[in-house]
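Work the whole structure out from these sequences, hints included.
Just so you know, the sequences run in chain order C and H.
Residue numbers for the first sequence, in the numbering used here: 10 to 218.
Residue numbers for the second sequence, in the numbering used here: 10 to 218.
Think of the hints as simulated: they come from the structure by calculation, not from any bench.
A couple of the hints might just be wrong.
Given that identical chains are not distinguished, each listed pair holds provided it fits within a single copy or across any two copies.
Cut-off 25 Å, straight-line C-alpha distance, at most; resulting in silico cross-link-like pairs (DMTMM-like, lysine to aspartate or glutamate) [as the list claims (entries may be wrong)]:
id	residue 1	residue 2
1	196	89
2	194	69
3	32	99
4	196	169
5	196	139
6	32	188
7	196	209
8	196	69
9	32	169
Computed from a predicted structure; not experimentally measured.
The primary structure of each chain is shown beneath.
2 protein chains.
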Amino acid sequence: MLTLYDCATAPSPRRARILLAEKGVLHHSVQVDLRSGEQMGEAYRRINPQCTVPALVTEEGPVLTDNAAIAAYLEATHPEPPLLGRSALDKAEIASWQWRVEFEGLLPVADALRNSSPAMLNRALPGPLDFAQIPDLALRGLMRVQHFFAVLNEHLAEREFIAAGQFSIADITAVVVVDFARAVKVKPGDEHPHLRRWREAMQARGTMA
Amino acid sequence: MLTLYDCATAPSPRRARILLAEKGVLHHSVQVDLRSGEQMGEAYRRINPQCTVPALVTEEGPVLTDNAAIAAYLEATHPEPPLLGRSALDKAEIASWQWRVEFEGLLPVADALRNSSPAMLNRALPGPLDFAQIPDLALRGLMRVQHFFAVLNEHLAEREFIAAGQFSIADITAVVVVDFARAVKVKPGDEHPHLRRWREAMQARGTMA
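In structure tokens, the structure reads:
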């Protein structure tokens, strides 16, 4: 059985957790305590030298140490339901939105939080190296998050899902980003009716734990 | 036939160009003049509202406006040779390195260049919005690029390719990143013998135009 190294309060492992739930894949879970810095300790470093969660131990043995690897692996080993798309154009549209949600949404929220939170001094980037906070990058991140909420809201005006007319990994990543943005006090508001409708529909799937 | 909106001097469209060459896909090319800002003009905005190159016009009609979409589409429509991997574990390892090369290599080079070049004032990010330069982000980018060269060099010490023991899209992205880093005066040096050997082997493929 697969084992997921997880952390219930962090956005990145949540992406893997939802993906496993949507694929209906039974797995073991091990909580890693990010608050106490367990991911930087020797024991976890032996599992994932990147010092990040999620990490997924495959049945074949190798450990997958990021969401990109986990998504590619699960789509190949558990193809139904397809969450990366079936046709060439669907795959393209889903990959494009997955990338946009990461680059225009996830990174800006992380920039905003990690470059401003007193708890993250010198932790402006995840991973084994320390980086000092850059206050201007926190401000830029906040502006980009707000812009991205407007982009997503407009995009969802006449769509049920983010990409290709179907539930996909891009919806999973977008749910995680929209919820993660609360950490920098950005939430869907009255000006984002389509984004709110979509977020409620995602909640009703019962997999967004 | 496919049409690629390209720019011979820019790193992002080069990724698509090499991918098409490695897949052996005949296509039309249209050069977009980034120096004069043609990508921001009305004509190009109608093709790609993201105002970026590459853009690939598919035979079915839709335009793919980023490398993530282009790679997913070409792998589905031209599966041989597979550049995203064949087995589940190969797909995972290639996706992981593709993501690392983008996040730990490509973004840091872009951060270093776009936040310092006098020619890119207010163009600290690609796309339709203007963002002011952040000098500290340029410095951080430079540190991360140098660190990434060391990581890649060590990774390649006993490997012929970046991932999964085969030529893949991760090699393409890494070639583009290593060459793009010259724009911020970082080059493989005597301390990077494995990186240099790999880069020379990539050149010998004849597709790295």
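Quick rundown of the hints versus the structure:
Proximity of residue 196 to residue 89 under the C-alpha cut-off of 25 Å is found in neither arrangement, the shortest distances being 32 Å within a copy and 44 Å between copies. For the identical chains of this complex, residue 194 and residue 69 are neighbours neither inside a copy (42 Å) nor across copies (42 Å), given an alpha-carbon limit of 25 Å. Taking the shortest alpha-carbon separations for residue 32 and residue 99, both the intra-copy value of 18 Å and the inter-copy value of 20 Å come in at or below 25 Å. Only within a single protomer do residue 196 and residue 169 lie at most 25 Å apart by alpha-carbon distance; the minimum there is 20 Å, versus 47 Å between protomers.
Taking identical chains as interchangeable, the C-alpha atoms of residue 196 and residue 139 lie at most 25 Å apart only when they sit on different chains, with a minimum of 24 Å there against 29 Å within one chain. With identical chains, the CA atoms of residue 32 and residue 188 are at most 25 Å apart within one copy only, with a shortest distance of 21 Å there and 39 Å across copies. For the identical chains of this complex, residue 196 and residue 209 are intra-copy neighbours only, at 13 Å inside a copy versus 49 Å across copies, given an alpha-carbon limit of 25 Å. Within a single copy, residue 196 and residue 69 get their C-alpha atoms no closer than 41 Å, and across copies no closer than 38 Å, so neither meets the 25 Å cut-off.
When the C-alpha separation of residue 32 and residue 169 is checked against a cutoff of 25 Å, the pair qualifies only within one copy, where the shortest distance is 20 Å, while the shortest distance between copies is 35 Å.
The structure does not agree with the numbered hints 1, 2 and 8 stated previously, though it agrees with the rest.
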